[in-house]
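Novice: One letter stands for each residue in the lines below.
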Amino acid sequence: MVAALKAPGQPRALLGMLVGIGFGFGLVVALRAIRGLEIFQTEQTGYPHVIVPGITGPIGYLIGIGCFDYWFRWAAGAPTVPEDHSDHGADGWRDYLRFNTDHKVIGIQYVCTTFIFFFIGGALAMGIRAELAQPGTQVVDPGLFNGLFSTHAAIMIFLFIVPIFAGIANYVLPLMIGAPDMAFPRLNALSFWMLPMGGILFLASFLAPGGAFDAGWTGYAPLSTGAPLGQSFFNLGVQFAGASSVATALNFLVTIVTMRAPGMSFWRMPLLVWANLSTSLLVVGATPFIAGAQFMVLLDRALGTNFFQAAAGGDVISYQHIFWFYSHPAVYIMMLPGFGIVSEVISTHARKTIFGYRLMALALLGIVVLAFAVWAHHMFVSGMFAWLRVPMMITTLLIAVPTGIKIFSWLGTLFDGRIHLDNTGMLFALGFICSFILGGISGVMTAMIPLDIHISDTYFIVAHIHFVLFGGSVFTIFCGLYHWFPKMTGRMYDERLGRIHFWGTLIGTWGTFVPMHWIGMEGMPRRVADYAAQFGDWNLVISIFAFILGAVQLVFLYNMVTSWRWGPRAPANPWGAKSIEWLVSSPPPRFNFPSVPRVVGGPYEFGVPGARHAIFEHEEEAGALAEPVPERATTPA
Amino acid sequence: MKDMTRATFLKLTAAAIGMTVLISVVMVNIDWLGMDGSTEKDPIVTLLNVMIVLSALVFSIVMVMMIYAIWKYRAKPGDESDGEPIHGNTRLEIVWTVIPTLIVVFAGVYSTIVLNDIEAEASNQMRVDVTAQQFAWRFDYPEQGVSSTELHVPVGTQLELHLNALDVVHSFWVPEWAIKRDLVPGSDLPGGDEIDNVVRVTPDVEGSYQVVCTELCGWGHATMRAAAVVESQKEFDAWAADQAKIPEGNVSTGAAGGQGAGIYDNQVTE
Numbered sequence: 007m008v009a010a011l012k013a014p015g016q017p018r019a020l021l022g023m024l025v026g027i028g029f030g031f032g033l034v035v036a037l038r039a040i041r042g043l044e045i046f047q048t049e050q051t052g053y054p055h056v057i058v059p060g061i062t063g064p065i066g067y068l069i070g071i072g073c074f075d076y077w078f079r080w081a082a083g084a085p086t087v088p089e090d091h092s093d094h095g096a097d098g099w100r101d102y103l104r105f106n107t108d109h110k111v112i113g114i115q116y117v118c119t120t121f122i123f124f125f126i127g128g129a130l131a132m133g134i135r136a137e138l139a140q141p142g143t144q145v146v147d148p149g150l151f152n153g154l155f156s157t158h159a160a161i162m163i164f165l166f167i168v169p170i171f172a173g174i175a176n177y178v179l180p181l182m183i184g185a186p187d188m189a190f191p192r193l194n195a196l197s198f199w200m201l202p203m204g205g206i207l208f209l210a211s212f213l214a215p216g217g218a219f220d221a222g223w224t225g226y227a228p229l230s231t232g233a234p235l236g237q238s239f240f241n242l243g244v245q246f247a248g249a250s251s252v253a254t255a256l257n258f259l260v261t262i263v264t265m266r267a268p269g270m271s272f273w274r275m276p277l278l279v280w281a282n283l284s285t286s287l288l289v290v291g292a293t294p295f296i297a298g299a300q301f302m303v304l305l306d307r308a309l310g311t312n313f314f315q316a317a318a319g320g321d322v323i324s325y326q327h328i329f330w331f332y333s334h335p336a337v338y339i340m341m342l343p344g345f346g347i348v349s350e351v352i353s354t355h356a357r358k359t360i361f362g363y364r365l366m367a368l369a370l371l372g373i374v375v376l377a378f379a380v381w382a383h384h385m386f387v388s389g390m391f392a393w394l395r396v397p398m399m400i401t402t403l404l405i406a407v408p409t410g411i412k413i414f415s416w417l418g419t420l421f422d423g424r425i426h427l428d429n430t431g432m433l434f435a436l437g438f439i440c441s442f443i444l445g446g447i448s449g450v451m452t453a454m455i456p457l458d459i460h461i462s463d464t465y466f467i468v469a470h471i472h473f474v475l476f477g478g479s480v481f482t483i484f485c486g487l488y489h490w491f492p493k494m495t496g497r498m499y500d501e502r503l504g505r506i507h508f509w510g511t512l513i514g515t516w517g518t519f520v521p522m523h524w525i526g527m528e529g530m531p532r533r534v535a536d537y538a539a540q541f542g543d544w545n546l547v548i549s550i551f552a553f554i555l556g557a558v559q560l561v562f563l564y565n566m567v568t569s570w571r572w573g574p575r576a577p578a579n580p581w582g583a584k585s586i587e588w589l590v591s592s593p594p595p596r597f598n599f600p601s602v603p604r605v606v607g608g609p610y611e612f613g614v615p616g617a618r619h620a621i622f623e624h625e626e627e628a629g630a631l632a633e634p635v636p637e638r639a640t641t642p643a
Numbered sequence: 032m033k034d035m036t037r038a039t040f041l042k043l044t045a046a047a048i049g050m051t052v053l054i055s056v057v058m059v060n061i062d063w064l065g066m067d068g069s070t071e072k073d074p075i076v077t078l079l080n081v082m083i084v085l086s087a088l089v090f091s092i093v094m095v096m097m098i099y100a101i102w103k104y105r106a107k108p109g110d111e112s113d114g115e116p117i118h119g120n121t122r123l124e125i126v127w128t129v130i131p132t133l134i135v136v137f138a139g140v141y142s143t144i145v146l147n148d149i150e151a152e153a154s155n156q157m158r159v160d161v162t163a164q165q166f167a168w169r170f171d172y173p174e175q176g177v178s179s180t181e182l183h184v185p186v187g188t189q190l191e192l193h194l195n196a197l198d199v200v201h202s203f204w205v206p207e208w209a210i211k212r213d214l215v216p217g218s219d220l221p222g223g224d225e226i227d228n229v230v231r232v233t234p235d236v237e238g239s240y241q242v243v244c245t246e247l248c249g250w251g252h253a254t255m256r257a258a259a260v261v262e263s264q265k266e267f268d269a270w271a272a273d274q275a276k277i278p279e280g281n282v283s284t285g286a287a288g289g290q291g292a293g294i295y296d297n298q299v300t301e
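Residue numbers (the numbering used here), protein chains in the order written: chain L, 7 to 643; chain H, 32 to 301.
Hints are supplied without guarantee of correctness; some may be wrong.
[Claimed, not checked] To list a few chain H residues with every Cβ distance to chain L over 10 angstroms, as calculated:
{"no.": "1", "residue": "Thr36"}
{"no.": "2", "residue": "Thr44"}
{"no.": "3", "residue": "Gln156"}
{"no.": "4", "residue": "Pro185"}
[To be verified] According to the in silico footprint, chain L covers these stretches of chain H (three or more CB under 8 angstroms from chain L):
{"no.": "5", "region": "58-69"}
{"no.": "6", "region": "86-98"}
{"no.": "7", "region": "102-115"}
{"no.": "8", "region": "205-211"}
{"no.": "9", "region": "225-234"}
[Unchecked claim] Cβ-Cβ distance ranges computed for the label pairs, FRET-style:
{"no.": "10", "chain 1": "L", "residue 1": "Arg79", "chain 2": "H", "residue 2": "Thr132", "range": "53 to 61 angstroms"}
{"no.": "11", "chain 1": "L", "residue 1": "Asp543", "chain 2": "H", "residue 2": "Val126", "range": "39 to 47 angstroms"}
{"no.": "12", "chain 1": "H", "residue 1": "Leu133", "chain 2": "L", "residue 2": "Ala379", "range": "16 to 24 angstroms"}
{"no.": "13", "chain 1": "H", "residue 1": "Val186", "chain 2": "L", "residue 2": "Asp543", "range": "28 to 36 angstroms"}
{"no.": "14", "chain 1": "H", "residue 1": "Leu41", "chain 2": "L", "residue 2": "Trp273", "range": "33 to 41 angstroms"}
{"no.": "15", "chain 1": "H", "residue 1": "Met157", "chain 2": "L", "residue 2": "Pro397", "range": "29 to 37 angstroms"}
{"no.": "16", "chain 1": "L", "residue 1": "Val145", "chain 2": "H", "residue 2": "Glu181", "range": "43 to 51 angstroms"}
{"no.": "17", "chain 1": "L", "residue 1": "Pro294", "chain 2": "H", "residue 2": "Gln156", "range": "39 to 47 angstroms"}
{"no.": "18", "chain 1": "H", "residue 1": "Arg158", "chain 2": "L", "residue 2": "Gly310", "range": "32 to 40 angstroms"}
{"no.": "19", "chain 1": "L", "residue 1": "Gly582", "chain 2": "H", "residue 2": "Val126", "range": "25 to 33 angstroms"}
Rather than coming from a laboratory, the hints here were simulated on the basis of the structure. Model, not experiment: these values are computed from the prediction. Every residue, glycine too, gets a C-beta built ideally from N, C-alpha and C.
Next comes chain H alone, as it looks inside the complex:
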């Protein structure tokens, strides 16, 4: 390192930056989180892209340094001599302590800003009570007074999901919405108010999605799915009116195999 010339240093810097740009351009353009589905997803995708660039930079610096060192300082066959007795370099060590600290502090502050952003309450909210049970979902709409095994929501309205589980821990996730939260048994019981069981998300693209259970909940975990339908306010109102005609007892509250049993078979044949 001590005999590194300015030209070598510039070449290595250029190599690291070039590698960073290459990785960043490819990876930022890939749609990692799948299609868009919620207002909350946009700042998360931006955050991901910023982190991809920073990560590409760190990865490239380490790789370029390592490959250069191996190429430049590889022992010639038969060379049994020792390397230079360099024990360290205080200035360099301070640099590679301080710069990563600044990067992670930036990452922390930026994450906190995004977190506050995606958890902000909107003025128009609709409450849905989500109840999970091995291996099925149930959605109650206290404002509309209806219940369903499918999650129907009007597009562009912020959902205020109140989560509860009846047996074990489950987790609510619609991949396209990028929001996830565990459903914890006991959140409706005395003492359960310590559990943070309200999560907000604003679906903003109409379409059909899946509610996925992401916390291991038993043998039916993989098939614990429910349909999630994002539709216009008009369609939603019509659905809610329809749903109100179904007697309460007919809403399933969990069945062997779960609501999602066989769900993949359908997909394969589609």
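Isolated chain L, as found in the complex:
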């Protein structure tokens, strides 16, 4: 018992959390008692005896699980072992529940954790659609309804889409660039463990007096600064999820810049690596802004500062500027990694080199640059200074150009290929193109100020964002998970169930989100618990498709769980892909490579006689380079 509480692990983490909560609570009580203040300040936005433990509790958990053990020892001058790998790798499922520095373990920890939140967020969405199926109030009252869509969005964005891309990249990116691990494995583990802290805070807000945070995931001031206690849980949760995101992005940047295998020049990097390089630049530049915005709201709430209090000289609209300076780039943070995944999958299953590889990489960087200059297109009707609207419209419209380049280049990759449609990952990649093009088109429309004046804050916007984030991001997430499932688990998934999942998801997505465009343009505002009877029929249709969409995700869950346990063993390279992660066993050895890989060519050299992307030292020594040139079709189709 005592030993379990001394060694890093879940028991010590829970103890650490209790100690952290107790410390924070005691600190507040003691300080308020000393100052002679009312001990428990329970005005609507106050509750310091809850907010401070909300910070110290998670930190106690992180200390308890062992995130800081090595650094504490080092800081205290105690002996440390630089080559100590006792925290590295997994021998059983228990090793996934502890502090682990292996990027492959962390990748799976990320994917599993974020999928738990995906299903929680999805259940909240089902609640929203149940209420909206008919006009009137049937299932939840308006206050709880506001809490449902706020937590739905916050969880899907901060706990699912953003971090699952970090998780997928965590697993495959070091393998792809021929690195034994990420540049900072302990920071990587800390990044992961901060994530569930944010999620638990979001969900804990349902227990707060006044209910879950209900000012939307946008949390516009002054609605958020005056909201009940739940809002503070959102402010705090974003700090942990955001810190996790920034630390991972720094880790990716250093890993990509410094740890590529010999011979892997920038122009030989797979596009997934380019995509994560671009995403990380966005995260490092933009994420501090949402952390700042939420801190300012928290300070307005808890300490009585006046950042956003108009009556005290604060500036209400400045919240929106700071918020969107993160939250627009966030859309690209949630999309660019998916672009990378789709590039890998389409190239592999069309057996064809990427069309216009360099322009594809440059288009990613173009989006990064433009992404920082478009935020105010969310504010065309906000009452901000009018002159900023037209410049922001132009930059926003220009983002369609690099995005278009990517779509046309994927189509160019399909041409003259050998397209294999018997693969669920490939189906999701193609389904992504169909759905995302619609999200892109509605994006161009919302960018145009006269149209945006009419459609902003209507269901058209709900339709647009879901075509981008569900038809776009989530399709690419499924695409990537099916693609790398054999590599991550060493097992093959069931293609038949995969196809059911794909078609159900495609039909569900279109059936749910296409009619939202129409009712939005006709006059249904977003974020309403109730609506005019004229929209009743379409809302019923939307809800039915939404339930189909929700139910079919259970097929995915069943497929993943049973295939992981009982699926047939996966070979090293089931898809015949070219990049480095497919050159090692499935799953890869604990330290990734038997010897250092040397990159000798581009990552997508399909159909080029004798072309290799990478070779291993031990192969070179064994003379494996003399292997026969793979045969290819002599007559073009």
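Could you slot chain H onto chain L? The hints should help.
Specialist: Below, chain H without anything else, positioned relative to chain L:
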């Protein structure tokens, strides 16, 4: 792509154009924005229709190319060979960079022209001060010296709406008028002149409408509605004269449940 004949190219072009025309004809004829209600709405509807045609073109090109590629280049069962090692085509890549750029620049210029058009000031304006509060609307008419919880306006007159909120951000929208603007707390305070709180709209069809709050403002957001009545100048003058008799204190400035509470129940039973 390299073995594409002129005939195939023409067929694909015809398919894309045919699909564009089909989508455009159907979608342009649907009255997306609901019934007409303001002078400003007409150029917006035209802009929407132009964008529908352009979007249909882009969508059709991508779909036709994708479906053709999947049909033409699908691997035969058991075919494990690779595709052609084509790494790109500079001319094609320039084309699909430049043409979208031209399209979006056109969209930007056209939008700016429409924006200037719909924000132009007319010679005959009537000022209305709009005040929003959780979860109710209040309309003050400084020229007539009256106040109301309903927005009554004479048809064909450009309204100069001065917007302010007393608590949180709200947003003013009459769907049929197609004009929307947030009401920001503090726009009547020192420093509030940085807030662009004046919006103009010219209702040109008589009838009853609803003012809809479109910015999430709390639990009563969905029911924060007010009636908007567009009537002849004569009827408006009569209403204003009537309204002047109501003592100032009787104009509601926000109540639990909002002015629009239960508004949908009425609609359902209608």
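Novice: Now tell me if each hint is right for this structure.
Specialist: Consistency of the hints with the structure:
For Thr36 of chain H, the condition that its CB be more than 10 angstroms from all CB atoms of chain L holds, with the nearest at approximately 13 angstroms. Non-interface status of Thr44 of chain H relative to chain L is upheld: no Cβ of that chain comes within 10 angstroms, the nearest being about 15 angstroms off. With a least CB separation of 18 angstroms from chain L, Gln156 of chain H remains clear of the 10 angstroms interface cut-off, as annotated. Look at Pro185 of chain H: its CB is around 23 angstroms from the nearest CB on chain L, clear of 10 angstroms, so calling it non-interface holds up.
Proximity of the region 58-69 of chain H to chain L, defined as three or more residues with a beta carbon under 8 angstroms from a beta carbon of that chain, is established by the 3 residues found. Counting residues of the region 86-98 of chain H whose CB lies closer than 8 angstroms to any CB of chain L gives 7, so the stated coverage by that chain holds, three being the minimum. With 10 residues carrying a beta carbon less than 8 angstroms from a beta carbon of chain L, the region 102-115 of chain H meets the three-residue requirement, and the given coverage holds. Counting residues of the region 205-211 of chain H whose CB falls under 8 angstroms from any CB of chain L gives 5; the rule of at least 3 is met.
Proximity of the region 225-234 of chain H to chain L, defined as three or more residues with a beta carbon under 8 angstroms from a beta carbon of that chain, is established by the 4 residues found. At about 57 angstroms, the beta-carbon gap between Arg79 of chain L and Thr132 of chain H stays in the expected band of 53 to 61 angstroms. Between Asp543 of chain L and Val126 of chain H, the C-beta spacing of about 44 angstroms keeps the proposed range 39 to 47 angstroms intact. For Leu133 of chain H and Ala379 of chain L, the Cβ-Cβ distance of about 20 angstroms falls inside the hinted range of 16 to 24 angstroms, so the restraint holds.
Val186 of chain H and Asp543 of chain L have their C-beta atoms about 32 angstroms apart, which keeps the hinted 28 to 36 angstroms range intact. Leu41 of chain H and Trp273 of chain L have their C-beta atoms about 37 angstroms apart, which keeps the hinted 33 to 41 angstroms range intact. Distance hint check for Met157 of chain H and Pro397 of chain L: the Cβ-Cβ separation is about 32 angstroms, which falls inside the suggested range of 29 to 37 angstroms. For the pair Val145 of chain L and Glu181 of chain H, the beta carbons lie near 32 angstroms from each other, so the given range of 43 to 51 angstroms is not met.
A hinted range of 39 to 47 angstroms holds for the C-beta pair Pro294 of chain L and Gln156 of chain H, which are about 45 angstroms apart. For the pair Arg158 of chain H and Gly310 of chain L, the beta carbons lie near 37 angstroms from each other, so the given range of 32 to 40 angstroms is met. The hint said 25 to 33 angstroms for the Cβ distance between Gly582 of chain L and Val126 of chain H, and at roughly 32 angstroms that hint holds.
Checked against the numbered hints listed earlier, the structure breaks hint 16 alone; every other hint is satisfied.
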